[in-house]
Each structure stands twice: as C-alpha cells, then as structure tokens.
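Chemist: Letter by letter, the chains look like this.
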Amino acid sequence: LLLREILNNSYQLSSVPLQILFHVNGIYYTFYFLATLAMIVYKSEVFSYPDDFLAPDLALLFIMAILEALRLYWGSKGNLTEEEAPLGLSLAMTVGSVILSVYFLVWQTYVLKADVIINAILLFTYGLESVLKVIAIAAFVS
Amino acid sequence: TPDTSAAAPAPPRRGPAPVTDVAKLCVCDLLVAQCDVNCCCDPDCSAADFSLFTTCSVPIVTGDSRLCSQKAALYSLDVEANPPERVFKLIDQVNPSVFCIHATNYKKALSFSSPEMPTSENFDQLLKQFGSAAFSAEPGSWNKDIDAQNASDANETYRYEYGAPIQTVDAFLRLPSPVVSSWCSDANPAGFLVNQATKCTRSVSVEKCSNMQAVSMLFYVNSSILAVNTTVQSIVVQSLNGTRTLLNGSDVLRLPVILDELCINIVLGVSYHITYTGAGEIIAAAASFVLGAINKEALSIQQSFEISFTQVNTEPVPLSGNPGYVVGLPIRAGFRPQGYPFPVEISFAAFFLSTNKYSQLTILQSTSNQDCLAAQEARTPILFGYNMISGCKLRITAAMKCQPLTQTLLDLLKGQSFPEYVASFGNSQAQDVLDWVPITHLHVSEQRIYNAFQSSCQIPVSLEIEVKWTKYGSLVNPQARIVNVTAAITTTPLKQLPSGRERTIPVTSSVVFTDISSPAEPGYKAWPTINAKLPFDFFYPFV
Numbered sequence: 001l002l003l004r005e006i007l008n009n010s011y012q013l014s015s016v017p018l019q020i021l022f023h024v025n026g027i028y029y030t031f032y033f034l035a036t037l038a039m040i041v042y043k044s045e046v047f048s049y050p051d052d053f054l055a056p057d058l059a060l061l062f063i064m065a066i067l068e069a070l071r072l073y074w075g076s077k078g079n080l081t082e083e084e085a086p087l088g089l090s091l092a093m094t095v096g097s098v099i100l101s102v103y104f105l106v107w108q109t110y111v112l113k114a115d116v117i118i119n120a121i122l123l124f125t126y127g128l129e130s131v132l133k134v135i136a137i138a139a140f141v142s
Numbered sequence: 001t002p003d004t005s006a007a008a009p010a011p012p013r014r015g016p017a018p019v020t021d022v023a024k025l026c027v028c029d030l031l032v033a034q035c036d037v038n039c040c041c042d043p044d045c046s047a048a049d050f051s052l053f054t055t056c057s058v059p060i061v062t063g064d065s066r067l068c069s070q071k072a073a074l075y076s077l078d079v080e081a082n083p084p085e086r087v088f089k090l091i092d093q094v095n096p097s098v099f100c101i102h103a104t105n106y107k108k109a110l111s112f113s114s115p116e117m118p119t120s121e122n123f124d125q126l127l128k129q130f131g132s133a134a135f136s137a138e139p140g141s142w143n144k145d146i147d148a149q150n151a152s153d154a155n156e157t158y159r160y161e162y163g164a165p166i167q168t169v170d171a172f173l174r175l176p177s178p179v180v181s182s183w184c185s186d187a188n189p190a191g192f193l194v195n196q197a198t199k200c201t202r203s204v205s206v207e208k209c210s211n212m213q214a215v216s217m218l219f220y221v222n223s224s225i226l227a228v229n230t231t232v233q234s235i236v237v238q239s240l241n242g243t244r245t246l247l248n249g250s251d252v253l254r255l256p257v258i259l260d261e262l263c264i265n266i267v268l269g270v271s272y273h274i275t276y277t278g279a280g281e282i283i284a285a286a287a288s289f290v291l292g293a294i295n296k297e298a299l300s301i302q303q304s305f306e307i308s309f310t311q312v313n314t315e316p317v318p319l320s321g322n323p324g325y326v327v328g329l330p331i332r333a334g335f336r337p338q339g340y341p342f343p344v345e346i347s348f349a350a351f352f353l354s355t356n357k358y359s360q361l362t363i364l365q366s367t368s369n370q371d372c373l374a375a376q377e378a379r380t381p382i383l384f385g386y387n388m389i390s391g392c393k394l395r396i397t398a399a400m401k402c403q404p405l406t407q408t409l410l411d412l413l414k415g416q417s418f419p420e421y422v423a424s425f426g427n428s429q430a431q432d433v434l435d436w437v438p439i440t441h442l443h444v445s446e447q448r449i450y451n452a453f454q455s456s457c458q459i460p461v462s463l464e465i466e467v468k469w470t471k472y473g474s475l476v477n478p479q480a481r482i483v484n485v486t487a488a489i490t491t492t493p494l495k496q497l498p499s500g501r502e503r504t505i506p507v508t509s510s511v512v513f514t515d516i517s518s519p520a521e522p523g524y525k526a527w528p529t530i531n532a533k534l535p536f537d538f539f540y541p542f543v
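Residue numbers (UniProt numbering), protein chains in the order written: chain Z, 1 to 142; chain G, 1 to 543.
Mixed in with the good hints, there may be bad ones.
Cut-off 30 Å, straight-line C-alpha distance, at most; resulting in silico cross-link-like pairs (DSBU-like, lysine-lysine) [unchecked claim]:
#1 Z:Lys113 with G:Lys107
#2 G:Lys89 with G:Lys108
#3 G:Lys71 with G:Lys89
#4 G:Lys296 with G:Lys208
#5 G:Lys89 with Z:Lys113
#6 G:Lys495 with G:Lys401
#7 G:Lys471 with G:Lys525
#8 G:Lys71 with Z:Lys113
#9 G:Lys393 with G:Lys468
#10 G:Lys24 with Z:Lys113
#11 G:Lys24 with G:Lys89
#12 G:Lys128 with G:Lys108
#13 Z:Lys113 with G:Lys108
#14 G:Lys108 with G:Lys71
#15 G:Lys107 with G:Lys128
Sample of chain G residues at the chain Z side, in silico, Cβ under 10 Å [as the list claims (entries may be wrong)]:
#16 Asn95
#17 Phe99
#18 Thr104
#19 Asn105
#20 Tyr106
#21 Leu110
I should point out that these hints are in silico values taken from the structure, not numbers from a laboratory. We put the beta carbon where it would ideally sit given N, CA and C, even for glycine.
The shape of chain Z in the complex, shown without the other chains (with noise of 0.2 Å):
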C-alpha cells in the first residue's frame, strides 16, 4: 500500500512546476535585488539624485525584499504542507510585490532600458507563479 502511493502520483497533490517556479524565482530575485541596488547606486552616482528622491526608492527596494522573502517561504510551504492558507496569503501578497515591481518599472526616479527588462521578467514571472498558485489551490481545496 506505502509502494503503491509512492508510486502513483495522483494523491500527491503538492505542484512540481510550482515549487520549480518558486525555486528560481528565488535565485532571480536575488540577482534582481542586487542589480537594482547596484543600478541605484550608479543612478545617484551619475545623475542628479537628491535625497527626497532616493530615500523612498531604497526604501520601495528593501521592502520589497522582504515581501518577497516571506512570499516564497509562505508559497513554498503552503505547497508542499497541501494547505491553502499560507498559499493563498502568498497569493495575495503577490499582488504587494506586483504594485512593487510596476512601481520599480515605471514609477521609480530613474527608469534605465536595464530596469524595464528586469522588471518585464520579474512581471512575468509573478504572473506565471499567479497562475500556478491558484491551480494548486483550487486543487487543494477540492
């Protein structure tokens, strides 16, 4: 019996594609962190940066981080525990990191051609992982 649901994986409810997602969206993350932290750096460096303007743009970027820190954590244990609580407060902490990214890609100081492309992929990747999300729950809940 043990052999049998290892082995047949329709009672495995978890989303594979779902926690691939999570997985490198973590790794990009990281990456997209550091390259709008090294990007705001070069912008303050470069152009007229005053401080009005730079506070809440480090702010926006920290916050975020977190945001998306416990977004992950959240996601990824609501899909492999197959509970849709933490699942669906990662949905919906998803929509923050969303208004986050739109801001970053059309509402920030400074938009470089580099900060839409990162964004663009940030923005898809939100959606996919959106996509995914709700699929999971939906089988979840039934």
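Once you've looked at the hints, dock chain G against the given chain Z.
Modeler: Just chain G, lined up with the frame of chain Z:
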C-alpha cells in the same frame, strides 16, 4: 532670446526662459539679425548665404545623450548640389546602451534649473543660504513653481544696457548709415545711449518716390520701439533752393506725393530723441523730420539721421566732461547779460536743425578759396586739447576805409557773439559763478619801428586764444580744468595805398592749449597722536 512686450511696474528680474526645442536651438547664432558665417542653424541666413559656407560649425544639436531616444537636429552642407545648399534633418537618435534613461519622474533631472533672482524680499534668505564658502544644492529649496515664473517673463520690460540694440516690434531700430561707400545701408542698429549722427546717399526717382519706404515718414514713425509709440516732434520743410520752414501742426503724417513733376514730402533727415529712465527703460521716443522735394533730374538725395538720448527729468545740455574736460569735446562758454548775477549759458539745443551750435567759443574755419569775405559764416567750435590754426587772405583796395575795415576784421576773427566767460570744468553749471573763467582780452600792436608819421589806422590781423589748463584732483585720475583764457588781438598799421593798387594781407587765428599743471605733491596723513586720557579718579587717595 528673451520675450519683450508691454511694460509692467517693477517686476523682479528673471533670466530668459530656457529653449528646449532642438530645431530652434542654435549655439553659433551670435550676431543678432545678421547671418553668422558657417553657422548652418542660424535662422537669419538665406539660401544665398548658405551657398557661401564651407562647413557647418555646429553639425548636430541634441538634448541629453543619455536618453534612450531623443530628437536631434542634423545640419550639413550638400556640396554636390550647385549652388551648395544646407540640409536640415530632424531625426530620432537612439542610445544603444542598456543603461540609457528610459523615463524619468524627476522633472529637473535633465535641465539646469533657473535660480531665484534676488529681490529685496528674498535677499536675506538667499544670503543665508548661499553666502558662505560652500553650499549644497538642495533642490527642495529651489522655487518650486518655475513655470509660474516663466509665464510672468512675458510681461516684463526689457532693460537696456549701454550699446544694446534697441528692440522694435519686428526687429531692431535701425539708423541708415553709409557702410563702405556713401550709399545708405539699412542695417546699422541704434545702440542704447550711443548718440549717433550719420549722413548717407540714397538713390531716388520721382516715379518711384511714393512707393519707396525709406523716404516716407510712415516708415520711420511705424518702426515703433516696444511699448512706446514714436511721436512726431516737429516737421521742417525744405524747399528746392534750400530754405527751411518749420511747420506749425506736426501731428499729420505727410506721405510722399507726386505734384507737378516734383515729388514732395520726401524724408531728408530724421532725428530721434529717446527718453530713458535711470533703470534703463525707454519711456518715450520722438522724431523730428526734415521733408524736402525732388524734381525729375534728381537721381539721389542725401539723408541725415541722428539719435540722441536724454534721461527723464533732466535737461539735455551736453557736458564736455564730468568733471574735467575731455579732449575733443567743445569748450563751454557763456556771457553775463546786464543785470544778471550769473552767467547765462549759451545752450545748444539737441535738435540738429538749430544753428545755435556755433554760439560757443569758435574759431574761423579756413575755406578752400582762402577768401576772408566769402568765409564769414564758416566757423568751427574750439575743442578742448586740440590746438588749431586757421586763416584767410583779405584783399584790401585803396577805397576801403579804416573803421569799417577794422570792424569787418574783428567780426571775422571773433565771430558774431564772442563769449565773455568760459567754464572751467566740463560740467560747470550756469549758477556757479566761481566755476566760470572770464576771457582776458589783450591788444598787441605789431609795430617794430615807431614811426611818428605812421597812420593811426590799426587793423587787427591775428587772434590768438591761449587756454591755460591744469590737472586737478587725484593723481590716478586727474581732471582737466581751465584756469585762464586769453584772447590776444594783434594789430598792424594800415599803410595808405595809392589809388588803384590793392594788397592782400593774411588774417590768422589760432588756439593753443597750455598745460600749466604744477608737479604733484604727495599728501600724507597727519601723524597719529596719542590720545590717552586717565580716568578722573586715577590718583584717588592722593587727590
């Protein structure tokens, strides 16, 4: 270029509004209303000018090159075409770098912000902020509504500096002047506070006189200086034989009209009088005209133009120096009429039509035919620092009597109204009696051998004016001051001529300026004294 239009009461000064359109920016356009050489973006250049250029000094005008996509204006010369023509292209320039600025939400990021202009209200705050050795450029303290400031630029009066061209509605106030030859060129701008007087020749014909702008009064009245209407001050009509009459009513515009094979009301001279304030604004402009007539044979006329500036609430008496005389300016002279305690200055009006110009200290002017009697009207004013000598030849016949001859020669040498006083400084006022030096008259008789039987007729043959001046004031900036003026008339005995014979005698007049400045003495301050006062009760117990 700054916007100019109607005057507003004393607004704070602003810098010019920034130009951000690349198609309109031109860094090599330095000459106003004229074509700059090899400047392909200059709007004042015509196609004929472009065909003479060799290269374009400014090939591209772009904004900040760090933007990902921006407009650029490209200027180049197409040398293949005949004649060479300028090619202007407006393209979108793309920055290939991945770190180019895609967008920015910080408006002042890519342009210089206009600093606040100091006024009496914000001066203290600006001094506190920028008055130390270093200050930080905190943009939060810049004036936030820059757009509101730029909008108020449009109503500001344009204040002129010395030499700046005077702006009119379409371009600049121009005073026609001769350039290379004596023909009139209409491109000479009038500079603020630069008094000019020019004469030039213009070709006219009776058929085209009513169409020519340059001989019509309307053209000179219409080129109105910004915010100020040019009023017509006076009109003098000159007839064909040269007599001039001043017209009574001067508010009617008289346009050239063909009448009986003559073209009348042709502008022969314009004299502008501009009134300005101490702040450099022009508040009034008046023009005086001389109109004449030409007949069918006339091919060209000579036009004279003049512009003079008067400060508001002052009298237009030109000074010859402030305070010392300036070399080359006429000596100011006057006379003391009976009953007046102060010398009355013979002031020469600023109108170029007045003949009072020659009521100053003048000297006979030599003419080409050297005939004294023909040259009675020609006199030239004595200019400070310029020694002059002039003369003529007088033909004496036996029939001339002594007394009328003496009087004629005296009138010739001294002129109609020889003044009695000369101003010692260039800016002496008529009320200050002590500033005026009386002219000393001397009589020298030229007889070497005393002949008891000589005739008693002495005729003046030479006038020598000697002006002694000294340097006055500080060592580094000495001012010229006239100390003494002597007019010496030399007379010679008139020998009786046998009847029928005639003699020619030379008559000379000269002016000599002598510097009698004493050598400078150094002036030292007084020795410092010890000013020690003991207190009242210093020796208290004993006193």
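Chemist: Give a verdict on every hint.
Modeler: We went through each hint and held it up to the structure:
For a cut-off of 30 Å, the pair hint linking Lys113 (chain Z) to Lys107 (chain G) stands: about 18 Å separates their Cα positions. Distance hint between Lys89 (chain G) and Lys108 (chain G) is fulfilled; the C-alpha atoms sit about 28 Å from each other, no more than 30 Å. Between Lys71 (chain G) and Lys89 (chain G) the CA atoms are separated by roughly 10 Å; this keeps the pair inside 30 Å, and the hint holds. Of the supplied pair hints, the one linking Lys296 (chain G) and Lys208 (chain G) holds, its CA atoms being roughly 11 Å apart against a limit of 30 Å.
With a CA separation close to 27 Å, the supplied pair Lys89 (chain G) and Lys113 (chain Z) stays within the 30 Å bound. Restraint check: the Cα-Cα separation between Lys495 (chain G) and Lys401 (chain G) comes to about 12 Å, which is no more than 30 Å; the hinted pair holds. Of the pairs offered as hints, the one joining Lys471 (chain G) and Lys525 (chain G) holds, with about 22 Å between alpha carbons and a cut-off of 30 Å not exceeded. The hinted pair formed by Lys71 (chain G) and Lys113 (chain Z) meets the criterion: a straight-line CA distance of about 18 Å does not exceed 30 Å.
Taken as a hint, the Lys393 (chain G) and Lys468 (chain G) pair is honoured in the structure, with Cα atoms around 29 Å apart against an allowance of 30 Å. Restraint check: the Cα-Cα separation between Lys24 (chain G) and Lys113 (chain Z) comes to about 29 Å, which is no more than 30 Å; the hinted pair holds. At most 30 Å may separate the alpha-carbon atoms for a hinted pair to count; Lys24 (chain G) and Lys89 (chain G) meet this at roughly 13 Å. For the hint linking Lys128 (chain G) to Lys108 (chain G), the alpha-carbon distance of about 24 Å falls within 30 Å, and the restraint holds.
For the hint pairing Lys113 (chain Z) with Lys108 (chain G), the CA-to-CA distance comes to about 20 Å; that is within 30 Å, so the pair holds. A hinted pair counts as satisfied when its Cα atoms are at most 30 Å apart, and Lys108 (chain G) with Lys71 (chain G) qualifies at roughly 19 Å. A C-alpha spacing of about 26 Å is found between Lys107 (chain G) and Lys128 (chain G), which places the hinted pair at or below 30 Å, so the restraint holds. The beta carbon of Asn95 (chain G) is positioned within 10 Å of a beta carbon in chain Z (closest approach about 8 Å), and the interface hint is therefore held.
Restraint check, Phe99 (chain G) versus chain Z: the minimum CB separation of about 5 Å is within 10 Å; hint holds. Contact between Thr104 (chain G) and chain Z, as hinted, is supported at the beta carbon level, the nearest pair being about 5 Å apart and thus within 10 Å. Given the 10 Å rule on beta carbons, the hint for Asn105 (chain G) holds: about 6 Å separates it from the nearest Cβ of chain Z. The interface hint given for Tyr106 (chain G) is met, as the beta carbon of that residue sits about 5 Å from the closest beta carbon of chain Z, less than 10 Å.
With a least beta-carbon distance of about 9 Å to chain Z, the hint placing Leu110 (chain G) at the interface is held under the 10 Å criterion.
Every hint from the earlier list agrees with this structure, and none is contradicted.
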